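Trainee: What follows is each chain in one-letter form.
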Amino acid sequence: MVPLNAYLLVAAFLFITGVVGVATRRNALIIFMSVELMLNAVNLTFVAFSRFLGSLDGQAFVFFVMTVAAAEVAVGLAIIIALFRNRETVNVDEVNLLRG
Amino acid sequence: MSVPDALWLIPALPLAGALLNGLLGRRFPRWLVGLVGCGSVGAAFLAAAAGFQALRALPPEARRLEPVLFTWIASGDLSAPLGLLWDPLAAVMALVVSGVGFCIHVYSLGYMGADRDYPRYFAFLNLFAFFMLTLVLANNYLFLFLGWEGVGLCSYLLIGFWFERESAAEAGKKAFLVNRVGDFGFLVGLFLLWTTFGTFHFGTLFPKLAEQPAGTPVLTAVALLLFLGATGKSAQLPLYVWLPDAMEGPTPVSALIHAATMVTAGVYMVARSSPLYDRTPEVLALIAWVGALTAVFAATIACAQTDIKRVIAYSTISQLGYMFLGAGAGAYASSIFHLTTHAFFKALLFLGAGAVIHALHGEQDLTRMGGLRKPMRLTAAAFFLGAAANAGIFPLAGFWSKDEILAAARHGGFTGPWLLGLAGAFLTAFYMFRCFALAFTGTFRGDRETLARVHEAPPSMAVPIVILAGLALVGGGLGVPPERGLLHAFLAPVLPGSAEASPGGIETALLSVGLALAGAALAGVWYGRRPEVPAALAARLPGLSRLVRGKFFVDELYAATLVRPLERLAHWCFRVGDGVLVEGAVNGTSALVDWGSRALRRVQTGFVPNYVLSILVGTVLLLTYLVFGR
Chain A
0 MVPLNAYLLV
10 AAFLFITGVV
20 GVATRRNALI
30 IFMSVELMLN
40 AVNLTFVAFS
50 RFLGSLDGQA
60 FVFFVMTVAA
70 AEVAVGLAII
80 IALFRNRETV
90 NVDEVNLLRG
Chain B
0 MSVPDALWLI
10 PALPLAGALL
20 NGLLGRRFPR
30 WLVGLVGCGS
40 VGAAFLAAAA
50 GFQALRALPP
60 EARRLEPVLF
70 TWIASGDLSA
80 PLGLLWDPLA
90 AVMALVVSGV
100 GFCIHVYSLG
110 YMGADRDYPR
120 YFAFLNLFAF
130 FMLTLVLANN
140 YLFLFLGWEG
150 VGLCSYLLIG
160 FWFERESAAE
170 AGKKAFLVNR
180 VGDFGFLVGL
190 FLLWTTFGTF
200 HFGTLFPKLA
210 EQPAGTPVLT
220 AVALLLFLGA
230 TGKSAQLPLY
240 VWLPDAMEGP
250 TPVSALIHAA
260 TMVTAGVYMV
270 ARSSPLYDRT
280 PEVLALIAWV
290 GALTAVFAAT
300 IACAQTDIKR
310 VIAYSTISQL
320 GYMFLGAGAG
330 AYASSIFHLT
340 THAFFKALLF
350 LGAGAVIHAL
360 HGEQDLTRMG
370 GLRKPMRLTA
380 AAFFLGAAAN
390 AGIFPLAGFW
400 SKDEILAAAR
410 HGGFTGPWLL
420 GLAGAFLTAF
430 YMFRCFALAF
440 TGTFRGDRET
450 LARVHEAPPS
460 MAVPIVILAG
470 LALVGGGLGV
480 PPERGLLHAF
490 LAPVLPGSAE
500 ASPGGIETAL
510 LSVGLALAGA
520 ALAGVWYGRR
530 PEVPAALAAR
540 LPGLSRLVRG
550 KFFVDELYAA
560 TLVRPLERLA
570 HWCFRVGDGV
580 LVEGAVNGTS
590 ALVDWGSRAL
600 RRVQTGFVPN
610 YVLSILVGTV
620 LLLTYLVFGR
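In order, the protein sequence lines correspond to chains A and B. Read in order, the letters of the first sequence are residues 0 to 99 in numbering that gives the first Met the number 0. Read in order, the letters of the second sequence are residues 0 to 629 in numbering that gives the first Met the number 0.
None of these hints come from the bench; they were simulated from the model. Since this is a predicted model, take the numbers as computed values, not measurements. Just so it is clear, CB atoms sit at the ideal spot from N, CA and C, and this is done for glycine as well. Among these hints, one or two may not hold up.
On the chain B side, residues computed to face chain A include the following (Cβ under 7 angstroms) [as the list claims (entries may be wrong)]: (1) T604; (2) G605; (3) F606; (4) V607; (5) V611.
Build the full structure now, drawing on both the sequences and the hints.
Mentor: Here it is as C-alpha cells:
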C-alpha cells in the first residue's frame, strides 16, 4: 500500500506548482489554470486523508470544492473573455483599471 | 368661588389677553384687539379690587392669603410651588399695576391707533401686565424671579417695538444686556439664599432670617447681590444707562414700563425683602447713598436734555433714587407710598408728553416746541399738574410721599443723603418747569404747517390723562396725615415700623417746598421770560455745559472701559476660538483623512500579480504564526 506521505508530497508538489504559476505567469488563462491546479492539489490531500482515516467527510468536501470550482471556471472564463474583447489582451500586466 | 381660589385670575386674565391677541390678533378686527387688550387688564383690576376688599374685611394680622396653585419645580431638595401671596403689599402693588396699566392701555387705543402692528403691541403689553402681576403676587423668590425676567423680556420687546429703526433695536438690546448684569447678581443671590437656608418661600425664609445675628457675611452678600439686581431693573447708579435709551419705545410703553411699574420692581423687591435688609444695616446705608446720589445725578442730567421724553426718563431715574433712599432709611412704607404716587404723576407726565408728540407728528425735541398751551389746553393743564406733583409742591401727590422719605432719611441719621435729597428737590422742580416752559409757553419754534395741524388729544387719550391728573392731585391723600395715613396703616402688618411718625417732618417739608418753589421760579424766569440767560450761562461755562449736556459722558466711559474691550474679546474669541480652534479641528480632521487616503491609495496598483503576492505572503505569515507562533 502506498503510504500517506507519498500522496501528500505529490499534492504539495502540485500546489507549489500552482502557486508559482499564479505568481509568475502573466497570461490570465495560465493563472487561472494554476488556480485550478492548486484546488485539485487540495482535493488530493482531502481524498488521501479520507482514505487514511476511514472517514467520508473529506470526500464530501471534495465534491463541494469541485462544484464551486466548476462555477468559478464558468465565471472566471467569462471574465477573461470579456477582458479580451475589451482590451484585446489577456496579459495581466497591461490591465490595471482598478488602480487607486 | 372664594377669594384665595380666585386670586390666580389677576395675572391669568392679562395672559389670556396676550395669548388671544398674540395668536389670533391678526384675524381680529381692530376694535376687538383693543377690547381684548384693555378688557383683560381692566378685568384684572376689578379682580384685584375685589381681592383688596376681601383683604380689608379681615382683621389686620390675618391679612395674608396664600393659595398654592400647583408644584412648579420638584427636584431633589428643591421644590418651588407655584404659589401666590396676597397681603397688603401685594394688593397695593397689584392695584397700582393693573389700575395705571388699564389707563395706559386705554390711552394706547388712541396713541397706537394708526400703527399696523396693533395686535402685536397689545399682546406684548398684556404679556407685560401678566409678568408684572406675577412678580408682585409671587410667594417665593424663584417665582418672583420668573416675573422679574418676564418683565425684562417684555421691556426688551416693547423698546424695540419699532425694530425697523436701528436706534430702537439697539436700545432694546442695551436695556436687555444692562439688565443681565443686574440679574446675574440677583441670580447668584438666590443661589446663596438657597444653599444657606434651603428655601425660597417668603413665609418660611423670613422667620429663619430673624434668628440670624445682624450682619452675618452671608446675609450681607445676599442683600448686596439682590440689590445689584434692583439697580439694574430700577435703573440706579451704576446701571441706569439703559433707561434713557429705552425712550425709543412707544410713549405709552415708556409710561407703563419705564415709569410706573417695571422700574419700580426693584423697590418692591427691597420692600418685600425688608426682613432681610433689616438684618443688614450697612447694606441699607449703601442703598440710601446710592438712591440719593442717583436722585441728584439724574436730576442734573435732566436739566440739560432737549428731548422731552428723556427729561422725563432722567426724572424717573431720579425719583426711583428717592424711593431707594426711603427704603435705605428703613421707611419701606414711605418708599412704597412714593412708588404709588410716582406711578400716578409720572404716567401722567409721559401720557402728556405722548399727547404732545402725537400732536406734533413725532417731534420730541423741546427746542422745536413752545406755545402749545393754547391749542392743547387740557394737556398743558395736566402736564403742569404732573410737573408740580413731581416737583413735590404742596398739596399734590409728590409732596406727601417725597417729603416723608426726606423726613425719614433725616430721622434715620442719613444727613448726607438727606442733603442730597434736598438738592434733588430743587433740581427736580427746575427741570420739570424748564420742560413745561419750553413745551407749553412762549411761541412755537417749529414750522408753521406743523403748528396748524396741532390738535388736542382724542378722547381715548384725554380720558386717561384726566383720570391720572385726578390721582396726581389727590393721591397724596393716601398718606395723610404723614406716616399715619391709610396706606401706612394698611401696609403695617407687612412692613412693621411704617406706622411710626418721624419727628421733624415739618421743617424738612418747608425746606423742600421752598427749594422746589425756588427751582420752579428760576426755571420759569430763565426759560419762560428770559431765554438768553441760560444761553449766556452756558457760553460762560463751556466745560460744565458740555459735561451736563453730554450726560457726564457715562455712556462713553462704559463704551471705552467695558463695551469695547468686551467686543474686542468677543472678536478675539471669534477669530481664535472659532476660526482657529473649532474650524481647525473640523478642517484638520478632513485634511488628515484626505492626506491619509492619498498616501494609502498607492497600495492599490490594480495589477493582479501584486495582489496575488500579498495574499501569498499574508497566508504564509499566517500559517507560520499558526504552526510555530503559539
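Trainee: Taking the hints in turn, state whether each one holds.
Mentor: Against the structure, the hints come out as follows:
1. At a threshold of 7 angstroms, the smallest CB-CB gap from T604 (chain B) to chain A is about 6 angstroms, leaving the interface hint in force.
2. A cut of 7 angstroms between beta carbons decides the hint on G605 (chain B): the least distance to chain A is about 3 angstroms, and the hint holds.
3. The restraint placing F606 (chain B) at the interface with chain A holds, with a minimum CB-CB distance near 5 angstroms, inside the 7 angstroms limit.
4. Taken as an interface hint, V607 (chain B) checks out: its beta carbon lies about 4 angstroms from the nearest beta carbon of chain A, inside 7 angstroms.
5. The closest approach between the C-beta of V611 (chain B) and any C-beta of chain A is roughly 5 angstroms, which is under the 7 angstroms cut-off, so the hint is satisfied.
Hint violations for this structure: none, all hints satisfied.
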